[in-house]
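Chemist: Residues per chain, in single letters:
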Amino acid sequence: MIGGQAKGAGVMHELASRALYEEEVGKFSSRLEQSRGWQFHLTEYPVLDVSFTAEGRTAIRLRLNCVDWDEKPPSIELLNLDGTPLTALPPNLTAVFNPGPHPQTSRPFICMRGSREYHIHPSHLTDLWENYRHQTDNMLGGLLTQLWHAWLKGNA
Amino acid sequence: MTVDKHEKNHESEQSHERAEFIEVAVSTTSGFFPNEGYERVPIHQKVKVHLSQAAKALGLVGTDDWIASVDKRPITPDSNYEQNNLSGVIEIDWGPSEGGGGNA
Numbered sequence: 001m002i003g004g005q006a007k008g009a010g011v012m013h014e015l016a017s018r019a020l021y022e023e024e025v026g027k028f029s030s031r032l033e034q035s036r037g038w039q040f041h042l043t044e045y046p047v048l049d050v051s052f053t054a055e056g057r058t059a060i061r062l063r064l065n066c067v068d069w070d071e072k073p074p075s076i077e078l079l080n081l082d083g084t085p086l087t088a089l090p091p092n093l094t095a096v097f098n099p100g101p102h103p104q105t106s107r108p109f110i111c112m113r114g115s116r117e118y119h120i121h122p123s124h125l126t127d128l129w130e131n132y133r134h135q136t137d138n139m140l141g142g143l144l145t146q147l148w149h150a151w152l153k154g155n156a
Numbered sequence: 001m002t003v004d005k006h007e008k009n010h011e012s013e014q015s016h017e018r019a020e021f022i023e024v025a026v027s028t029t030s031g032f033f034p035n036e037g038y039e040r041v042p043i044h045q046k047v048k049v050h051l052s053q054a055a056k057a058l059g060l061v062g063t064d065d066w067i068a069s070v071d072k073r074p075i076t077p078d079s080n081y082e083q084n085n086l087s088g089v090i091e092i093d094w095g096p097s098e099g100g101g102g103n104a
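Protein chains in written order, with my numbering: chain G, 1 to 156; chain S, 1 to 104.
Hints in this document: simulated from the structure, not taken from any laboratory.
Mixed in with the good hints, there may be bad ones.
Think about it this way: if two alpha-carbon atoms lie no more than 25 Å apart in a straight line, the pair counts; the simulated PhoX-like pairs of lysine-lysine are [stated by the list, open to error]:
{"#": "1", "chain 1": "S", "residue 1": "K72", "chain 2": "S", "residue 2": "K48"}
{"#": "2", "chain 1": "S", "residue 1": "K72", "chain 2": "S", "residue 2": "K46"}
{"#": "3", "chain 1": "G", "residue 1": "K27", "chain 2": "G", "residue 2": "K72"}
{"#": "4", "chain 1": "S", "residue 1": "K72", "chain 2": "G", "residue 2": "K153"}
{"#": "5", "chain 1": "S", "residue 1": "K56", "chain 2": "S", "residue 2": "K72"}
{"#": "6", "chain 1": "S", "residue 1": "K46", "chain 2": "S", "residue 2": "K56"}
{"#": "7", "chain 1": "S", "residue 1": "K56", "chain 2": "G", "residue 2": "K27"}
{"#": "8", "chain 1": "S", "residue 1": "K48", "chain 2": "G", "residue 2": "K153"}
{"#": "9", "chain 1": "S", "residue 1": "K48", "chain 2": "G", "residue 2": "K27"}
{"#": "10", "chain 1": "S", "residue 1": "K72", "chain 2": "G", "residue 2": "K27"}
Fair warning: this is a prediction, and the values are worked out from it, not measured in the lab.
With the sequences and hints as input, model every part of the structure.
Modeler: Structural data, given as structure tokens:
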């Protein structure tokens with residue numbers, strides 16, 4: 001039965017995606033939060049919700065939707081600290097934080113390899129996630145670190 | 001030797017010993033090295049020695065392009081702690097640099 005098989009395969013995929021998510025996110029500790037000025041608001045599959053903070057800088061909050069991880073990269077929402085969607089970016093961020101509007105979301109977005117919004121953007125359709133997904137740098141912790149470094153590099 | 005002189009010598013030795021070593025932990029999203037607390041290493045040891053040990057302990061691969069920083073300041077793994085103006089107790093943040101893209 002084709003329909004039944006497809007449904008079964010889908011369930012298995014979600015379990016595998018959840019297991020991988022939990023393996024990676026399970027390594028994030030309170031010591032890491034303290035060390036880097038990160039604050040995890042939610043770490044429950046498929047959502048990874050985190051703020052970056054540092055003295056004298058405008059904090060930023062990111063919500064990664066990791067459905068289908070790591071067959072697909074996370075979709076990354078830019079948020080205000082209260083969790084509402086950002087409609088305009090804080091000033092002086094690097095080009096990774098793109099003011100948009102993204103053609104599919106009509107909002108600012110993360111323009112970086114490893115962001116779903118990057119790979120589905122018309123300018124990057126040939127830059128396939130598949131070429132990056134198995135690299136250590138592009139595990140969830142690696143992606144967060146890249147985004148953190150991009151945020152630190154800006155002078156906001 | 002008077003007690004004062006003895007105490008001063010003892011303090012001087014302790015100070016000298018402190019100056020020769022540094023307490024280090026490496027912070028990554030795969031965990032910390034050491035897992036708890038800090039490791040005491042010679043201040044003239046290259047930073048990359050400890051990073052290499054951290055990579056092995058945490059099972060990290062593909063770290064050649066990673067950047068190391070202390071208190072948000074990038075440091076040079078090929079130099080030692082003193083040359084990087086580091087002393088006391090430090091945590092080295094270690095991970096991939098700003099990602100590619102950004103030209104949509």
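Chemist: Now, for every hint given, state plainly whether the structure supports it.
Modeler: Okay, the hints, checked on the actual structure:
1. Taking the CA atoms of K72(S) and K48(S), the gap is about 18 Å. The hint holds against a cut of 25 Å.
2. Restraint check for K72(S) and K46(S): the C-alpha separation of about 19 Å stays at or below 25 Å, so the hint holds.
3. At most 25 Å may separate the alpha-carbon atoms for a hinted pair to count; K27(G) and K72(G) meet this at roughly 21 Å.
4. For the proposed pair K72(S) and K153(G), the alpha carbon gap of about 10 Å is at most 25 Å, so the pair holds.
5. With a CA separation close to 24 Å, the supplied pair K56(S) and K72(S) stays within the 25 Å bound.
6. Among the hinted pairs, K46(S) with K56(S) is consistent with the structure: their alpha-carbon atoms are about 17 Å apart, no more than 25 Å.
7. In summary, the hint linking K56(S) to K27(G) is supported, as the alpha carbons are separated by about 16 Å, within the 25 Å threshold.
8. Of the pairs offered as hints, the one joining K48(S) and K153(G) holds, with about 23 Å between alpha carbons and a cut-off of 25 Å not exceeded.
9. For the given pair, K48(S) sits about 23 Å from K27(G) by alpha-carbon distance, which is consistent with the 25 Å threshold.
10. Restraint check: the Cα-Cα separation between K72(S) and K27(G) comes to about 22 Å, which is no more than 25 Å; the hinted pair holds.
Violated hints are absent here; each numbered hint is respected by the structure.
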